[in-house]
Amino acid sequence: MKTSEHEFVTYGRRFVTYKWFKPIVVAILFIAFSLIFSSILTFLCGHAATDSTAFINQLNGGYDTMDVAHALSVISSEGAVATMIPALALAVFIVKDRPFSSYQSSRGGWNYRIFFIGLLISLIIVGIPNLILTFVMHDGTGINQFTIAGFIMLTLLGPIQCVAEEYVFRGLLMQTFGSWFRLPVLAVILQAAIFASMHPYNVIGVLEVFVFGLTFGLVAWMTKGIEIASAAHIVNNMVAFYTSGFGIGAIKEDVAM
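In the numbering used here, the protein residues as written are 7 to 263.
Just so you know, these hints were derived from the structure itself, not from any lab. Note that the structure is a prediction, hence the values are computed from the model and not measured. Certain hints may be false.
[Said to hold, decoys possible] Here are the simulated SDA-like cross-link-like pairs (lysine to any residue), alpha carbons at most 25 Å apart as the crow flies:
1) K258 <-> L213
2) K230 <-> R113
3) K258 <-> G156
4) K258 <-> I210
5) K28 <-> P92
6) K258 <-> T140
7) K25 <-> I37
8) K230 <-> I123
[What the hints assert, rightly or not] Distance ranges between label pairs, derived from CB positions:
9) P206 <-> V132: 19 to 29 Å
10) T56 <-> P105: 36 to 46 Å
11) L41 <-> F187: 39 to 49 Å
12) F187 <-> V217: 35 to 45 Å
13) L139 <-> F21: 41 to 51 Å
Note that beta-carbon positions come from the ideal geometry of N, C-alpha and C, so glycine has one too.
Given only the sequences and the hints, what does the whole structure look like? Please build it.
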């Protein structure tokens, strides 16, 4: 079956410079740069922390000890994930297999109109209901944990972290599998499985993330870009981050039904 040149999942094959092994080279360089950038951030934040040992232990504690309320913790966690964008851009620049914009969409780059429409729809469908549910479950009470700097850094880096994950999972991974197997549905499933495996939740939590990964992948496939998936990802995560920071909700590895 002939694939449309503007189909997103198999878009990588459209370029004359495409070779099956190039996504592997991009992935290896991306991982290396990501580790370097995140290590630098963690090192700097650790040395800036009042108690470096406690700071590192908090980072290593997973979601149960995740701190979204203080600037250094946000920079070293959300900021480290956000650096995946420049890491991927640098890897793509070195390999020169295709434009960086092709990881955003098969429509010629990032479309802000689509993104903001997706953001509005996500707020209505996901954000507001989740916020109401969290308030109801916790009686709308809690102790604010945010510092001013922490709130600002979370507001800046939280959305970028979500977009970074879309670049990697719905962009790099899904398009790589799509280009190899030429089966978009298989590519959507594979990237969702890897996406879920990267989140240290219990079984229920991992299954929930898998469903999110499938949904984001299908949306990216159908809309030929990661803008709406990024918008939904941002709304979902930021509601969880803000409610946790304000002491209304909690981010835990053990997710209940």
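Of the hints stated earlier, which fail here? 11, 12
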